[in-house]
Each structure stands twice: as C-alpha cells, then as structure tokens.
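Number of protein chains: 2
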Amino acid sequence: MGNEKIYTAALIVIGDEILSGRTQDKNIAQVASWLNIQGIRLAEVRVVADDMDHIAEAVNILRARNDYLFTTGGIGPTHDDITVDAISQALGVDVVIHPAARAILEKYYVDKGGINEGRLRMARVPEGAELIENRMSGAPGIKIENLFLMAGVPHITAGMLDALTGTLEGGAPLLSATLGAWAPESEIAKELRETEKAYEGCVIGSYPFFRKGTVGANFVVRSTDVDELENCRVALKAALEKAGYDVTEGGI
Amino acid sequence: MGNEKIYTAALIVIGDEILSGRTQDKNIAQVASWLNIQGIRLAEVRVVADDMDHIAEAVNILRARNDYLFTTGGIGPTHDDITVDAISQALGVDVVIHPAARAILEKYYVDKGGINEGRLRMARVPEGAELIENRMSGAPGIKIENLFLMAGVPHITAGMLDALTGTLEGGAPLLSATLGAWAPESEIAKELRETEKAYEGCVIGSYPFFRKGTVGANFVVRSTDVDELENCRVALKAALEKAGYDVTEGGI
Chain A
1 MGNEKIYTAA LIVIGDEILS GRTQDKNIAQ VASWLNIQGI RLAEVRVVAD DMDHIAEAVN
61 ILRARNDYLF TTGGIGPTHD DITVDAISQA LGVDVVIHPA ARAILEKYYV DKGGINEGRL
121 RMARVPEGAE LIENRMSGAP GIKIENLFLM AGVPHITAGM LDALTGTLEG GAPLLSATLG
181 AWAPESEIAK ELRETEKAYE GCVIGSYPFF RKGTVGANFV VRSTDVDELE NCRVALKAAL
241 EKAGYDVTEG GI
Chain B
1001 MGNEKIYTAA LIVIGDEILS GRTQDKNIAQ VASWLNIQGI RLAEVRVVAD DMDHIAEAVN
1061 ILRARNDYLF TTGGIGPTHD DITVDAISQA LGVDVVIHPA ARAILEKYYV DKGGINEGRL
1121 RMARVPEGAE LIENRMSGAP GIKIENLFLM AGVPHITAGM LDALTGTLEG GAPLLSATLG
1181 AWAPESEIAK ELRETEKAYE GCVIGSYPFF RKGTVGANFV VRSTDVDELE NCRVALKAAL
1241 EKAGYDVTEG GI
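Note that the protein sequences, when read in sequence, are chains A and B.
The first sequence: position 161 = 161 (our numbering), numbered continuously.
The second sequence: position 106 = 1106 (our numbering), numbered continuously.
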C-alpha cells in the first residue's frame, strides 16, 4: 500500500425538492456506501437545482477531477427532468433517442397504455451513451464517458447500482474499525489526535452522541491497510482505557 | 411581485462521515426548511471532506455568489474539527479565542471536569466573529460576515437555527401547494409542462411514488405570489381531472 492509486468519485444530486427541504435525500449515503465496496471514495457531493447551467457547471468541474461522476435525479418523464439535456450541453453532444431504451420502454408500457411523448423522454440520452439496467421500473440509467446518470427515487437508484456492481475499476477498499465509549469527546481529544498522528496511513473520526441522559462517542479508524488499521485500533483502545473509559468494540 | 430581490443561501456540509456513507445527513433538509421560512432560498449545497483546502475553496466560491453561506459540522473539540481553521484561511484572518465563548464553556463544564485543551478548541473563532447561541450543549455557533458556522449534530444545529430565527433579511417566502393523483407521471407529463408554461411565476415539480402496488405522484406548485400560485394550482387540478384522474388536495 501507500503508493496505490486512490480512485475517487463525485456525486451531483439534482433536484429542487432536495433544496426546498421537501425531500430528505437518501442517495448520498446509498451511493457512498456502494462506492466504498467498489474501492472508490466519494470525494465530494453537490446538490444543484433543476437548472441547465448549474448542472452543466458542476458536471464539467467534477468529471475532470474525479475518476467517476454520478448523478441522481432528473431522468424521468416530466418537464422538470432536464439532466440528459444539461449533461449533453456540458459534454457538447446532441440529445438522441437510444433505440434500445425505446425498445425497453415500449415493452414495459405495452400493457400500461403504450408509449407516449412523456415516456419517450426517458429514451433520450447524450449521443454515444450506453444504458444501465433498471430492474425496477423500465426506464434505464445512462452511462457516458466517466458519467453515470441514475434515478432520483432511492430504490430505483439501488437497482441501478446493483447492475453496475463489479464493473468499475477501483482500488483497495477503505477499511474501517469502530470503537465506542461513554466518554465526552472533549475529554479524549488529545488521545484521538495523538493516536492518529502515530499511525500515518490511518484517519480517526469522532462522532459524539447523546443517549440515555449522558454523552458518548464512536471513534471510526479508517485505512486501506488491514495491518495498519488493526495496529491503530489497538493503540486507540489502549489510550481510551488508560484515560479511564470502558471501550465497546464495534461501537455503541 | 416579479422584481423583488430573491435572497439565496448556500450550505456546505463538512464531514468525512457523510462522504463515507456512515452518517445519513439530516442537515440539508433541516436548513432548507428553515431558510424557506426566513424568505431565503437554498440555492446549492456541497458536501466536502475534512480537508482545509476543499473547505476553503467551497467557502470562497459560495459566499461570493449567495447572500448567506451556512456550514454544518467540524466545530467540535477533536482533531478532525477543522472548520474554524479552514474558514479563517479562506477569509485571510487569524484564529483567536473568543472571550465570551471561553466564558460560556468554562461555565458549561464547571461540574463536568472543567475546561481542557479539547474543550478550549470550541472557543476558537475566525478573528472578528460573533457567537450564535447554543441552548443545547454550550459550545456556540459562529457568525462572521455572511457566514454561519453550525454544529454537525442535527438537534444542536436545530437550536442554533432557532437562535437565528428572524435575524436574517429575506424576501418573499416561496409558497407551495401540493396536489396528488394515482397517475403515472409519464401519463400527464404534457399537462404538467403546459400548465407550468402558462403561469410564468410558477414552477411545478413532479414527485412520483410507488405504494400499495400502484404508482402515483405528487405535484408541487411553487411561487412567491399567492394569487399566481392559486391560479396555477386550480388550472393544474382541472387539467389532471380532464385527463381522467381524481386529484387529492394537499397530496397523497
């Protein structure tokens, strides 16, 4: 380890409903967890409005500085679904009807009133794109260059991620180990800082909580190296115990 | 209406735990909903890692193009809490101990082991900052120029937002009205698009769902003008009914 390439991805969450507070986003955590398993780190996320220029700006910045760029939202049949248009603008390509997507939609809607103008919108792709299978609801996701356009509805996104599992090149997955203690994090800040410093390939996150009338925290050690991770975990456990706290393996 | 100033805010969610998928963010929806009531629109959100340069980059871009910039996360007592340092770097000011914050913390921890190095970290602010009251857990939020630095733990953030309520200048709040129908959105895409087009000050969002074995959608009409909103809502209801769907006021 050490010199191995770290693969990164960015995510753009597209939709006025997230920015208005109407909808609680669930795709950030879902995409992040899935990426970890692929050996890819989610490096940054942006939530942008249903606005062509805002989407295109974010796309061009984030695709350039990450190995992969995911988007969620805006690939449905209605007038506020403009992700395909915005990404085609960003890439400088035309919007075309993908024949395989059209065939999928015609088949999916055969007993549901057939294809219409709105449904055909879901066959529109940036020219040169491939499809990502959607086992849930017909309309496919879209892959073009290093971009992956996914649905906004979380369970549909989940199906699309499942279809992509194992197809993206990644690096060593980021491993983690969690320790918990009924300790105010302000009491053991020094132990956390010094332990992290002593184990160069590791980072330690501290996540306080308030339960049962008292405070505690979980400490997550992260590393791509299994031995370093274990050494750091053991050292942190010892430091917390030395400071007078019982430590719960796996977190509280 | 029409020429009234629209006030916007951006939000930076700071924390590796969001990007790793470990923690499901709740602050985006919470801050968005609160801003709406203040007459301020959440225009964009970025989620960034616990990294000085990434935070500073996002701060300088977003504070310049919005009336307000909020951050959540990274103002606690541990080594991974670097928001104050990153924002001081972005603003080009020193990090100083705020005497009132120090006094608040000394008082808060008087029966809890007293002040220590970690706890004193929570009195550090960018030079020139004011404090935002934290009724939950002592350590205050921070206001400097058009920046508002809030906690990462959602219920603490909620208390800080409460302390700020009514103190920020805003414009006309964005009003909304919701209609629901057991309609596949792909069946009424045309009605949505044409209704939105006919009511210039209004936008219509379409949010599909799948429940009880069938599909439906809620349609949210948004406008800052109460009359325009009502006219658009009535027109959309009529269009959906004409297309053969029962419409539920307030959404399904």
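Note that these hints are calculated values from the structure, not bench results.
Warning: the hint list may mix true and false statements.
[Unchecked claim] Example chain B residues on the side facing chain A (calculated, C-beta under 10 Å, incomplete):
hint	residue
1	Leu1019
2	Ser1020
3	Ala1029
4	His1054
5	Tyr1109
6	Val1110
7	Ile1132
8	Glu1133
9	Ala1172
10	Ser1176
11	Arg1193
12	Phe1210
13	Lys1212
14	Val1215
Glycine included, C-beta positions come from ideal geometry on N, C-alpha and C.
To see whether the hints hold, each was checked on the structure:
The interface hint given for Leu1019/B holds, since its Cβ lies 5 Å from the closest Cβ of chain A, which is under the 10 Å cut-off. At a threshold of 10 Å, the smallest CB-CB gap from Ser1020/B to chain A is about 6 Å, leaving the interface hint in force. Interface restraint check for Ala1029/B: the shortest CB-CB distance to chain A comes to about 5 Å, inside 10 Å, so the restraint holds. Annotation: His1054/B was flagged as interfacial toward chain A, and the flag holds, the nearest CB pair being 7 Å apart, inside 10 Å.
Proximity of Tyr1109/B to chain A holds as hinted, the smallest CB-CB distance being about 8 Å (cut-off 10 Å). Interface restraint check: Val1110/B against chain A, minimum CB-CB distance 14 Å, threshold 10 Å, status violated. Annotation: Ile1132/B was flagged as interfacial toward chain A, and the flag is violated, the nearest CB pair being 19 Å apart, outside 10 Å. Interface restraint check for Glu1133/B: the shortest CB-CB distance to chain A comes to about 18 Å, outside 10 Å, so the restraint is violated.
Annotation: Ala1172/B was flagged as interfacial toward chain A, and the flag is violated, the nearest CB pair being 15 Å apart, outside 10 Å. About 8 Å separates the beta-carbon of Ser1176/B from the nearest beta-carbon of chain A, less than 10 Å, and the hint is met. At about 4 Å, the closest approach between the beta carbon of Arg1193/B and any beta carbon in chain A falls short of 10 Å, and the interface hint on this residue holds. Given hint, Phe1210/B at the interface with chain A, holds; its Cβ is 8 Å from that chain's nearest Cβ, closer than 10 Å.
Checking Lys1212/B against chain A: minimum C-beta separation of about 15 Å lies over 10 Å; hint violated. Satisfaction of the interface hint for Val1215/B is found here, the shortest Cβ-Cβ separation to chain A being roughly 8 Å, below the 10 Å cut-off.
Consistency note: the structure conflicts with the earlier hints numbered 6, 7, 8, 9, 13.
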